[in-house]
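Asker: Start from the sequences, fold in the hints, and give me the full structure.
Residue numbering for the sequence shown follows full-length UniProt numbering, starting at 1 and increasing by one per position.
Derived by calculation from the structure, the hints in this document are not laboratory data.
All C-beta atoms in this analysis are idealised placements derived from N, C-alpha and C, irrespective of residue type, glycine included.
Take the hints with a grain of salt, since some may be wrong.
[To be verified] Ranges of calculated distance between the beta carbons of each label pair, as one might list FRET restraints:
hint, residue 1, residue 2, range
1, A212, T104, 50 to 60 Å
2, G442, H208, 24 to 34 Å
3, A99, H208, 54 to 64 Å
4, Q94, R14, 44 to 54 Å
5, D421, S282, 44 to 54 Å
6, D291, K224, 36 to 46 Å
7, T104, Q283, 48 to 58 Å
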Amino acid sequence: MASLWPGCDGPGIRYISAPPSLRWQRTRRRSLVLLGATGSIGRSALSVVERNPDLFTIRGLACARNVSRLAEQADQFRPDWLAVLDEEAREALQGLLPAGYSPTILTGPEGYRALASLESADTVLSAQAGSAGLAGTLAAALAGKVICLANKESLVLAGELLRHVCSRTGASILPVDSEHFALFDCLSGRGDDAEALILTASGGPFRHRTAAELETVTPAQALKHPNWNMGAKITIDSATLMNKALELIEACQLYGLGPDRVHVLVHPQSIVHSLVIFRDGSQLAQLAVPDMRLPIADCLLWPRVERRHVEPLSLAKAGTLTFEDVDNAVFPAIELARKAMLVRSGMSIVLNAADETAVQLFLSSRCSFADITRSVAAAMEHHLCELRAGGETGSTPYCLSEQMLALSGRDLEQACWQRLDSINALTAQTADFVKEYAARGGNRSCS
1 MASLWPGCDG PGIRYISAPP SLRWQRTRRR SLVLLGATGS IGRSALSVVE RNPDLFTIRG
61 LACARNVSRL AEQADQFRPD WLAVLDEEAR EALQGLLPAG YSPTILTGPE GYRALASLES
121 ADTVLSAQAG SAGLAGTLAA ALAGKVICLA NKESLVLAGE LLRHVCSRTG ASILPVDSEH
181 FALFDCLSGR GDDAEALILT ASGGPFRHRT AAELETVTPA QALKHPNWNM GAKITIDSAT
241 LMNKALELIE ACQLYGLGPD RVHVLVHPQS IVHSLVIFRD GSQLAQLAVP DMRLPIADCL
301 LWPRVERRHV EPLSLAKAGT LTFEDVDNAV FPAIELARKA MLVRSGMSIV LNAADETAVQ
361 LFLSSRCSFA DITRSVAAAM EHHLCELRAG GETGSTPYCL SEQMLALSGR DLEQACWQRL
421 DSINALTAQT ADFVKEYAAR GGNRSCS
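Answerer: Below is the structure:
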């Protein structure tokens, strides 16, 4: 399989999981659960399913509160299982479903976990937004599913844990992010020869702004992405380059690399999605129009290419493609991600939680745009102070203890959910810190 799967047993890339089984690869019709069905990724995935009804069976759909859209999707695809955030959403959803259609409706985190581990599904698209998506990803991994992973936070929070679980259960992870599927594509068959990876970033709407100009950016301005139509959180993250910071951590976890071997280039046209640098000095890139249906379809159907899902790129029409280095002084998010990967000990969890909280504060006009990365930096410094006060030096994974390495079966499952509780506790502590930090106008010291 080394010739088909990136970096199998090679000295360079150590991919996070083994490939999906040959049986799955040869199965023409995939049985699919979608977590985050009503979001931008979920809707794009269902458009792929709609165009390929002979290739997919929808077993389950999940959302948080957008029950009107979920009801429309459920009516169209008729899955036997649905999941929503709480009992209120369940009752609202029941009232919207057509007569004669009575799927089982699950609620809450337990419902998402149950949906992700459905015996009738072989493939789970994990596309829930933010840190809340980790539980579904982890449940799918524990159940040995093929996971098409759009929730990058799963790897940011628990990359080492997911790697271990996949090795125990036979679960496989395929990346849905356009950048990471581009890397996956370029590495196939050449993982052993890879020296470094390059992620591209559009630069967002403010790539030539000064630090002083970023102080006055409004939510309305930050929500206008030049190339992609996405949800509010990821659009703000793209404007601060925090999305690329999270993707750097994701790449390190997917491919088993240190942060010094993952680089970022600003590429405003979003045509080159990622590049791989090989040991002979050559580079390989994937170029395509910026349309998420392409990586979603390629991921869901891997290793097959059944048909065209987007119009092919015309380089003549695209014209000049430009690249530039990230201005880390103005956009410090990527360097914060590198620091988080070097320190470990929960620092990536803190980075993500601080960002999630600060973005919500910014969208509600309770902090400035520039305060987002300042809040993240402050939360990370506070966490480092606490580590030092406790006599810890960092460098160990927070999500995976040494004792867990020997576990399997029900013991491993129980330990995983206990570890998730610890991750959620650190997330909540960080959120409280950021709210207090913002309320004090950015004044909070280690002491």
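Asker: Indicate, hint by hint, whether the structure satisfies it.
Answerer: A quick look at each hint next to the structure:
1. A212 / T104: 50 to 60 Å: holds, 55 Å
2. G442 / H208: 24 to 34 Å: Holds - the Cβ-Cβ distance for G442 and H208, about 25 Å, lies within 24 to 34 Å.
3. A99 / H208: 54 to 64 Å: holds, 56 Å
4. Q94 / R14: 44 to 54 Å: holds, 46 Å
5. D421 / S282: 44 to 54 Å: holds, 46 Å
6. D291 / K224: 36 to 46 Å: violated, 19 Å
7. T104 / Q283: 48 to 58 Å: holds, 50 Å
Going down the numbered hints, you'll see the structure goes against just number 6.
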